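**Q** Listed below are the residues making up each chain.
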Amino acid sequence: MANPPKLISARYGIAESWTLKVAEAHGAYSVAREVLRSRKADDIKAEVKASNIRGRGGAGFPAGMKWGFVNPKPGEKVYLVINADEGEPGTFKDRSLMENDPHRVVEGCILGCFALGANTAYIYVRCELALAIARLERAIEEARAKGYLGAKPFGVDFPIDIHVHLGAGAYICGEETALLNSLEGYRGEPRLKPPFPAVKGAFGMPTVVNNVETIAHVPGILEMGGEAWSKLSRLPGDGGVRLYGVSGHVKRPGIFEGPVGLTLREMIEEHGGGMLDPARPLKAVIPGGSSTPVLRPQDIVDAPDPKHPLHAWHGRSHIDVPMGVDTMRALGTMLGTCCAIVMDSSVQMVAVARNLMRFYKHESCGQCTPCREGSGWLVDILGRLVEGKGRVEDVDLLVEVANNMTGNTICAFADGTAMPMLGLVRKFSAEFREAASRGLQSSYRLDHACLSQVERAA
Amino acid sequence: MTADFELSPERLAKVEHLRDRYPTTRALCIPMLHLCQEQAGWLSPEVLAYVARYLGLSVAAVQGVATFYTSLFTHKVAPNVVWVCRTLSCELRGAKRIQEHLEERFGCHAGQTSKNGKFTLLKAECLAACGGAPVVQINERYYENLTLEALDRILEEHVATSPIAAELGLGRGA
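Chains as they are written, first to last, in our numbering: chain A, -16 to 441; chain B, 566 to 739.
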């Protein structure tokens, strides 16, 4: 199949693509200029709805529908908030957008604000991403100086301003209501819902929170038309193109653009350049960020029923199923952010579980007991297993603790911790039981396969 | 107690410049804490009290915010902070070896400050640069696809060219 032209990453790799001069020479702001001058807000919303774009932050909620929830009462101010608190382990796509093409993010915000009736957008960026922040801030200044932002963007009487707001190091602030609390100057603890942000969000006002990549697709959607853009996807009901990322044991880790519905095998073999060492085959892959349960290449889709959502892939490997919100859910995992972590045969899954659960223990905000205590218990039990101090019952205990976390907390973080834990135990139960009786080899380390690479002289 | 803390006039002007961006004063809390940390290196009790006074908040409220976030330091750190990402993608590509090398070089464990007092070494959770694993963040900059040799070179260059290098009398190496 011929590679389709790049859309969202079209300006990647062009020298100084982050400056207004270069970005504009390559099409930036042409869509916003035309749309603001000639089209109505409802028209933009209809196009985004027709595009079938599912939110790119991980949950995959239809973005057009989310925009439709905003219905301000008289006197209420609407806010657009962009979630650039990227930090889901394995995920590194949003940073590439902000560093390579901040003007696309700004143009998306202008269109989003206009469509939603918002005069202010905040882009909440994690503070570690200093280069992304500098380039976004400069892009906003350049756009303001040109009159694309401010009192009359492109001469249209609808004031729009965009502000970059820095996080301070907290994964939970990627949860939209925690992000709003953080934006308002509080601890980043998620809020009880309802009320949802569309009703009562930033500063108590109706708010849409969109992922950076989602908003950056808006200029492309309006340029092509929602329906045509939707058809770029290989899957129905999950439209367009997206950014993919691949990391771990592949030859060429990195970001690339493709239609929605690539398979993990395509990601690993074509875009990732294949496995790092041909002698060590693929053992497991985390499809879309650490909260998405792991998949194995030897697992086969069993869907003889023609009504089953995966029937078209009956008898094929899990890694040959196109990646979409609904297909991945049907496989018992999630699409997440579409940034895969690839692991070869050198990897011990008990050690993987401990590494990931340490992350969740550190990042749990501590508000809800099942999550705060559960994540800590998982780390403690996994530590026992790794060190050979485990008991056979510990494997069941892992499952019990994880089950007690799901559905019992304010936000989805606890589920995002428990699901990958349960997935690992389910798919690799023999390894967990083995570790419970014998522990891991004391010399075992997750970076074993890459030691020579790190230690080699240049 | 040490002397009271105050933001420099330039940084205070930045705080005031930000005021119009938000409908509440409280929203200035995190941006202001960042500016204070930029100036003082860390957020001592005096700094927290100053921010609370300036924004009309209780000290407890400001402390609650400061202690929530990993990048805000409520304990003293060295002039250079080195973060080693230890989450899965980096771990698979050699992060532990990178950390061991830094510990050896600095003569301290992760969570501590180097013997010479110039570096604080910290373990980081996912820095969102998994495609460039293993990754280390030194102050505001990311360094990706590291080898031990590249890391040594970076540390020497970093110290030599950092804006505070002359002030600290640093020329070479940790």
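Since the hints were derived computationally from the structure, they do not count as laboratory data. Note that the coordinates shown come from a computational prediction; the quantities given were computed from them, not determined experimentally. Please note that the accuracy of each hint is not assured.
What the hints assert, rightly or not - Here are some chain A residues pointing at chain B (derived, C-beta under 10 Å):
{"id": "1", "residue": "60"}
{"id": "2", "residue": "111"}
{"id": "3", "residue": "324"}
{"id": "4", "residue": "428"}
Quick reminder that beta carbons are idealized off the backbone N, C-alpha and C, glycines included.
**Q** Determine for every hint whether it applies to the structure shown.
**A** Structure-based check of each hint:
| no. | hint | verdict |
| --- | --- | --- |
| 1 | 60 | holds, 8 Å |
| 2 | 111 | holds, 6 Å |
| 3 | 324 | holds, 5 Å |
| 4 | 428 | holds, 6 Å |
Violated hints: none; the structure is consistent with every hint.
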